[in-house]
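Spelled out, the chains give:
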Amino acid sequence: MQLADRSFDAIVIGGGHNGLVAAAYLAKAGKRVILLEASDHLGGAVTTGEISPDYMVSTAAHLVEAMPRRIEKDLKLARNGLRFAARNVSTVALSRDKRHLTLSSRRQDLAALRQWNAHDATALIAFSDRLKAHAAALRPLLLASAPRSGGASLDAKAAFRSLVWRARRLGQPSLEALLRTLPGSIGDLVDDTFEMPLLRAAFAFDAVRGAAEGPYSPGTALNLIYRRALQHERKGTSLPRGGMGALVEALRRSAEGFGVAIKTGTAAKRIIIENGIAKGVETEAGDFLHAPAILSSVDPRATMLDLVGHAHLDAGLASRLAQASRRGATAKLNLALEGLPTIAGLSPAEYGARLLVLPSLNEFDQAFASFKRGKLPDELAMEVTVPSVVDATLAPIGHHVMSVLIQYVPFDVAGGWAAQRDRLLDRVIGTLSLYAPDIRARIIAGEMLLPPDIEAKFGLEGGEWHGGEMRPDQLLMFRPAPELAQYRTPLKGLYLCGAGNHPGGGVSGRPGQLAAELALSDGRRA
Amino acid sequence: MNGESDMALAEQVEPGEAAEAPDAAEHPDLDRLEATAEVDPDLFAHASDEPPFGRRVLTTPLHLSVAAESSTNLWTDWNGYTTPEILTSLDDEYRVLRHAAALGDISPIVKYRISGRDAGAYLDRLVTGNVMQLSVDEAMPVVFCEDRGFVVGDGHLFRLGEGEYRLVTEETHLAWLLDSALGFQVRIEDVSATLAALSLQGPHAAAVLNAAGFCEIETLRPYGARWFDISGMPVYASRTGATGELGYELWLDPEDAPMLWARLFDKGAEFGIAATGFALRELARIEVGIPRAGCDYLGAFTAVDPADASTPFELGLASLVDLDGGHFTGREALRRLKQREPRHLVVALALDFPEPIQFCAIERDGGIEGIVTSSGFSQALGVNLALGRLRYAASVGALAVGVDFREGLRVRRLKIPARLLTEPAIISPLRHTVPAPLLADY
Numbered sequence: 001m002q003l004a005d006r007s008f009d010a011i012v013i014g015g016g017h018n019g020l021v022a023a024a025y026l027a028k029a030g031k032r033v034i035l036l037e038a039s040d041h042l043g044g045a046v047t048t049g050e051i052s053p054d055y056m057v058s059t060a061a062h063l064v065e066a067m068p069r070r071i072e073k074d075l076k077l078a079r080n081g082l083r084f085a086a087r088n089v090s091t092v093a094l095s096r097d098k099r100h101l102t103l104s105s106r107r108q109d110l111a112a113l114r115q116w117n118a119h120d121a122t123a124l125i126a127f128s129d130r131l132k133a134h135a136a137a138l139r140p141l142l143l144a145s146a147p148r149s150g151g152a153s154l155d156a157k158a159a160f161r162s163l164v165w166r167a168r169r170l171g172q173p174s175l176e177a178l179l180r181t182l183p184g185s186i187g188d189l190v191d192d193t194f195e196m197p198l199l200r201a202a203f204a205f206d207a208v209r210g211a212a213e214g215p216y217s218p219g220t221a222l223n224l225i226y227r228r229a230l231q232h233e234r235k236g237t238s239l240p241r242g243g244m245g246a247l248v249e250a251l252r253r254s255a256e257g258f259g260v261a262i263k264t265g266t267a268a269k270r271i272i273i274e275n276g277i278a279k280g281v282e283t284e285a286g287d288f289l290h291a292p293a294i295l296s297s298v299d300p301r302a303t304m305l306d307l308v309g310h311a312h313l314d315a316g317l318a319s320r321l322a323q324a325s326r327r328g329a330t331a332k333l334n335l336a337l338e339g340l341p342t343i344a345g346l347s348p349a350e351y352g353a354r355l356l357v358l359p360s361l362n363e364f365d366q367a368f369a370s371f372k373r374g375k376l377p378d379e380l381a382m383e384v385t386v387p388s389v390v391d392a393t394l395a396p397i398g399h400h401v402m403s404v405l406i407q408y409v410p411f412d413v414a415g416g417w418a419a420q421r422d423r424l425l426d427r428v429i430g431t432l433s434l435y436a437p438d439i440r441a442r443i444i445a446g447e448m449l450l451p452p453d454i455e456a457k458f459g460l461e462g463g464e465w466h467g468g469e470m471r472p473d474q475l476l477m478f479r480p481a482p483e484l485a486q487y488r489t490p491l492k493g494l495y496l497c498g499a500g501n502h503p504g505g506g507v508s509g510r511p512g513q514l515a516a517e518l519a520l521s522d523g524r525r526a
Numbered sequence: 527m528n529g530e531s532d533m534a535l536a537e538q539v540e541p542g543e544a545a546e547a548p549d550a551a552e553h554p555d556l557d558r559l560e561a562t563a564e565v566d567p568d569l570f571a572h573a574s575d576e577p578p579f580g581r582r583v584l585t586t587p588l589h590l591s592v593a594a595e596s597s598t599n600l601w602t603d604w605n606g607y608t609t610p611e612i613l614t615s616l617d618d619e620y621r622v623l624r625h626a627a628a629l630g631d632i633s634p635i636v637k638y639r640i641s642g643r644d645a646g647a648y649l650d651r652l653v654t655g656n657v658m659q660l661s662v663d664e665a666m667p668v669v670f671c672e673d674r675g676f677v678v679g680d681g682h683l684f685r686l687g688e689g690e691y692r693l694v695t696e697e698t699h700l701a702w703l704l705d706s707a708l709g710f711q712v713r714i715e716d717v718s719a720t721l722a723a724l725s726l727q728g729p730h731a732a733a734v735l736n737a738a739g740f741c742e743i744e745t746l747r748p749y750g751a752r753w754f755d756i757s758g759m760p761v762y763a764s765r766t767g768a769t770g771e772l773g774y775e776l777w778l779d780p781e782d783a784p785m786l787w788a789r790l791f792d793k794g795a796e797f798g799i800a801a802t803g804f805a806l807r808e809l810a811r812i813e814v815g816i817p818r819a820g821c822d823y824l825g826a827f828t829a830v831d832p833a834d835a836s837t838p839f840e841l842g843l844a845s846l847v848d849l850d851g852g853h854f855t856g857r858e859a860l861r862r863l864k865q866r867e868p869r870h871l872v873v874a875l876a877l878d879f880p881e882p883i884q885f886c887a888i889e890r891d892g893g894i895e896g897i898v899t900s901s902g903f904s905q906a907l908g909v910n911l912a913l914g915r916l917r918y919a920a921s922v923g924a925l926a927v928g929v930d931f932r933e934g935l936r937v938r939r940l941k942i943p944a945r946l947l948t949e950p951a952i953i954s955p956l957r958h959t960v961p962a963p964l965l966a967d968y
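Chains as they are written, first to last, in the working numbering: chain R, 1 to 526; chain W, 527 to 968.
For reference, chain W alone in the conformation it holds in the complex (with noise of 0.2 Å):
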């Protein structure tokens, strides 16, 4: 059955096109017209396509389903899709992520099909860390490098079969993954725009996913994923996200989404299902101190100057590099790099401020050492959370963020003590729980 489901998934896949013209498939009647007026469809077989880049703005499947849970509209871009930013308050959508269970529509995340009979080779040459190790209907962090031993992106790796994975990325990374296929057997389509993804986190996301007809979620262990038959519609469940909470990521056809969030509000509304927005995925991931690219790093290939790129030492990934399996791209500078003293780190740090900052200098000793580049207000703790590029030598001893603050018409500069986090200020114990409570009562 798994297997079956998979292949259907696969099959709806059109390579090309998938990324740039989402709903050329669209309009079959416009074909059948145009079959029935007897013209050489060969002259119209383009008529349908957008051009490359040519929409700017682009809705998800479930744009409908989340438009109609906003009472904010306060919406906001990701990766070029419409994305709620808050859909009712921040401060409500943060106590049903910590409390019971937050849905969000993560589908605008960059998603890679990678296929083919060299796909596990391709794939270990191309991340640091050791593919052949990931079993069917598993995920891994990774992260890959360019030559020079630069990040070029993280994400996660899914191995959905035997030669079939998904890469989610946060960036795009189409032209670095085809340079890097060169010599493999590999087939790699960005399935952006015809993979739903759904994000469920929170303590009571095991308890929605069973009633929804998940069955045996609890038993689905950290990063393990698995085929699910939800009333005939194909799902494909990971217990993944960036949240630091019990949670899961559901995978599946864009026509089926709508049904699939609609049923998981019916059957979740006891648990205390709501749906959330892209401010609060990004308050949760800087409470677990998870950097995001193009936002608290640069690309290797974005980043102008080598001295704005990092390695995965610098971005505390160094769990992720296996420098003594298999060769990979940047294996060699990265043992280089190990040798030598990052030139920065990505760092967490607690500032005792009551309102978000963004993009301030972090000083020690009255010098500035490093920058602020994405923060936010945790309430759980009470104080402001940041995570910050600051220069290697000066992550040690008392630091201090610069804010300058507007009172009225007036600019108050302050300088707010600023503590460095070695853990990650929010973890939830149920993280790594196996079986997952069921219980709505936790």
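Excised from the complex, chain R in its bound form (with noise of 0.2 Å):
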């Protein structure tokens, strides 16, 4: 390789969204940046895969919900070939007994609800409302780094301030309903609101979606608004043409459109610290790079623990990273199907929506029990999408593949895995039989991934797909310790742009986007 004695303005640490997001960012501002990604593809989790000859599926992520228009218009991603198959997609919650709800905010989907249930069609429109006005109040602490905390810094106390104003600019009922909201527990927010079984589910699920806590754990609540507050720079979710590879794909146009110098296969084995500063890179095949920007979007605790070392880190800061948490709890199934299977009930145009499969809130609490014990859960909830219903690139013509988040499987499984993994698949199966019978018969193949090949294939630790759990005392300046929040390490010039850095993960890019935006206005103040 010619690596070897050249150096670079920046370099940046890892190819998945964030990584090609940071890199492109930074060439575009005229920067000559590398990219150094260990595989041998770029995207990690955010990715298209082949389930079997013709059978294409996002792998493991397989909605953009949060990704800002803005970085879309800034790096040209159409222009370098990102269509999208689908735009607002809307979600289904499926029903057992064939009535299915669908959630929005249209006017015709609330008229069917007052039919059903008049109470929760009002608390349903009051609710919304009330989610917008509190996502909104959060949101502009998203758009920026993280607030800083400790002693000498009035940010974090500012920023809070601010947050409080906004909320009560909106009226002393809807300050007073934050402040209740922000400690609680998604469960019994929704158990107050609503008496519809489903639409108390669904909310819950959208709350603990991918995350290791439960419908009634403290701080779930937040997580709703949190991640209403990141979707709203997108104005709905997205399906790309050719899965969440197509995404990638355009990051990377776009990025070596505008000079950014890609090597995969290419890992990074430390980064050369000098006196307290990052000089640069060596490789894993033994290549010396340097430059006085490091951008990694790897886990900050693989940043930092294996890739600056604990020799150079203060000793509170390197045991905070250790400690963090990192608990993965969702397996995702990918299925090639002959045919579309039979969803009774459900409208064609609905068969491209977001589907939830969900158990009553009471079961999807003991499904949380039984993963804290490391059990199967009895009931699954799940996010099924048939993305071939929209994109005809995925399968062959009246082929379909099905993808499946399952919610509430442990990384290590009383019994193991492989004992019991035919176990979960049977029992996803059955749970979608019960809403598409014909499902079992039209499976041709499939692949599904627990959190532990989720770890070996992605590399995230613990099979924890945001980079470390999106939980309040895990988010802002908290994420991922109070001194790295705002990307910038106590190691000049080396910054985090990956998903473990605010405002967090779920393909939003924003990490990537505010950590090199960090970086070029240090550069220029240098």
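Think of the hints as simulated: they come from the structure by calculation, not from any bench. Certain hints may be false.
Said to hold, decoys possible - Here are the in silico distance ranges between beta carbons for each label pair: (1) W:643 / R:338: 56 to 62 Å; (2) R:375 / W:700: 33 to 39 Å; (3) R:309 / W:949: 41 to 47 Å; (4) W:894 / R:523: 47 to 53 Å; (5) R:236 / W:918: 57 to 63 Å; (6) R:169 / W:700: 48 to 54 Å.
Just so it is clear, CB atoms sit at the ideal spot from N, CA and C, and this is done for glycine as well.
Please assemble the complex out of the two chains, which come individually in their own frames, going by the hints.
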């Protein structure tokens, strides 16, 4: 390789979507950037894979919910080939009695709900408005780097004062509701709000999807608000044409268009530190790359503890990083199907929606209890998409692919995954059959990624999707640790730009963008 | 020989049990009984163990030897150990320290054995100084901070061998030492209970040790240390101590400690050796101006309010901070703090008052500017010396100390002028002399 002895303006470690976004922004500003990716493909868990020849599906993450339109525009993703098979994908909570519930504030959906349960229709309007208002109050905190905490800084105080001020402007009841909601659980909140079990479960599912917390865990109400605030920048859930890999491909073309040198199959071995300053990167192959700015999009813990090393870090920071919890709770099932499974009561247009398979809230909580004890949950909550309904590139004509997120699957299961894998698969297919009885007959091929598989395949520790759990004590100025929450590290020149940083995971690209903008402004100041 | 004794000592250190069950190994006969009765020993494996923290009053291996010297029956607590406050009289003990040789049992001091491949690198990251420069059989004063640059504790670090260190501190720090050990191949044991320690301080200290068989002890340089074989007892002697005198500290097996104690009295009688208590240790360090953790400053994890914690600069320990060497915990914070004015200073004060005073306010122009944290009456100087914490801005100008003084059943409020001391009130010229004097007629 001709990497040796070359110096750059910036080195980006890790070619996930955040790494690519960061690299592209830096290069767009005229910097010479090299991006190092350990594996031979870009995107990490944002990727499209082949289940079996000609059946393509988003291997792990399967929806674009949080990537701001601004990043799409800045990086000219449309010009670089990004097309959406569907925008504004709606959400349908499936019901076993075939009376499915479309969750939206559209007039006809509300009218349908009003006929079903007038109380909940009214409650839904009020709840949606409140959720929107709370998300709007929180949103400014997600648009910039996280507020600084710590004695000397008034940053956090100012940020929270303005949050309270924004909530107060919506009226005193709204402030009270916000203060009451923030520490509460989503379960209590929806129990107080709705009568219909399906409606309760749907909101609860969205608050804890991908999280290792139960519907009645404190702080989960904030999760829902936080996610809504993140999603606000996008204005609707989208399915990229060609699966999630197409998004990464567009990012790659954009980054290379701006002049980023992308090296796949090139793992960083260590970050070279001299007297508290990050000077460069040594690759596994033994090459030395030098740059005044190094941005790492890999897990903050791996970056700091493995690539930088304990000897260069303060002990308190190192032990806080080591303790941060990484509990994966979500498995993924991808199926290649011969024909479209029939879900009774679902209109043809709704097959392309985000379909939620939900147990009752009580059963959902039971599932969480099983997860905590390392057991398979009896009742499964799932998010199902059939992207081939709107995207013909994914499967042969008349055939389909289905992508299923399964909630509350533990990393370590009692009895071991070798024995339990098939039981879980059976349970998933069995549950899906309750809604689509012909599904079993239509399966041609499939792959299931359990939390350990997700860890092994994408390097996500504990099989946790967000590079650090998104819970109140690991968000904002605590993500990933107070000292690291503003993308800068104690080591001059080293920045963190992955999902482990504010505002977090969920294919938003925002940590990459914000870290790159910060590195650029530091560079101008230097 | 030295290497062998080192190993012998190291092997007697039981990891884990060492800290909490000092006498767990003292009942070998019980174990033998169980074995002959053919009972499954596993059933009783923990029977002789004390519950953690179950025993609140501990005695040192030298307790009986020390108790025999007590004519006052004044005892105090030092890290949970019964320790003599005063054995004969503070005045007599003070004279022994400054004119002969004062022997004290310092076994309650906290001792950690730190060993392993990365022990040096680990300690270099832990403390603010440069540990890589420390040679084998050498000691250095150290201070260690947390991430914000606040002092966690201070003490002395001894290097006993390649990858073998001993950290001696006033307070316990095991949790922080273990937290800091992440990512290093290092083993940390609390050997406080399994390692006895004696302190011999005074102008005749070298003479006593020489007579007791510590050959060529006089050649030991300040902060130097060496193994000695005293009638088959391996003893590690270091030229250290917190009294401002010529002095040594002796580290050895608890079983050997009473024998060495007796031998020192036997051989040292002609040099005026006498046993001394904790009050003297306190007085001596106040005279030299050495702050004690937990008394004159609060460790970073003890101070709930960061305003109560101190930086090394505020403790007058700036010389122990090497900002240009390798990384250590708190280095970035200390770099920033060094540019700033300290918030407060730990200062030594001289007060013209005939009795020790405790915890009273330091005033300037009628306003409270600080607090006296420890004090003692120095016979040699005829003044009351104190250590206190003073607001930095107030550290110039005329200071006074307000004392409530009891007279019969009345209280008299006095305002005593206080002088800031910039140097140790007392420091012996023998402290740095090499070779140390062996004659009793000094």
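Against the structure, the hints:
no.	hint	result
1	W:643 / R:338: 56 to 62 Å	holds, 60 Å
2	R:375 / W:700: 33 to 39 Å	holds, 37 Å
3	R:309 / W:949: 41 to 47 Å	holds, 42 Å
4	W:894 / R:523: 47 to 53 Å	holds, 49 Å
5	R:236 / W:918: 57 to 63 Å	holds, 58 Å
6	R:169 / W:700: 48 to 54 Å	holds, 51 Å
Checked against the numbered hints listed earlier, the structure breaks none of them; every hint is satisfied.
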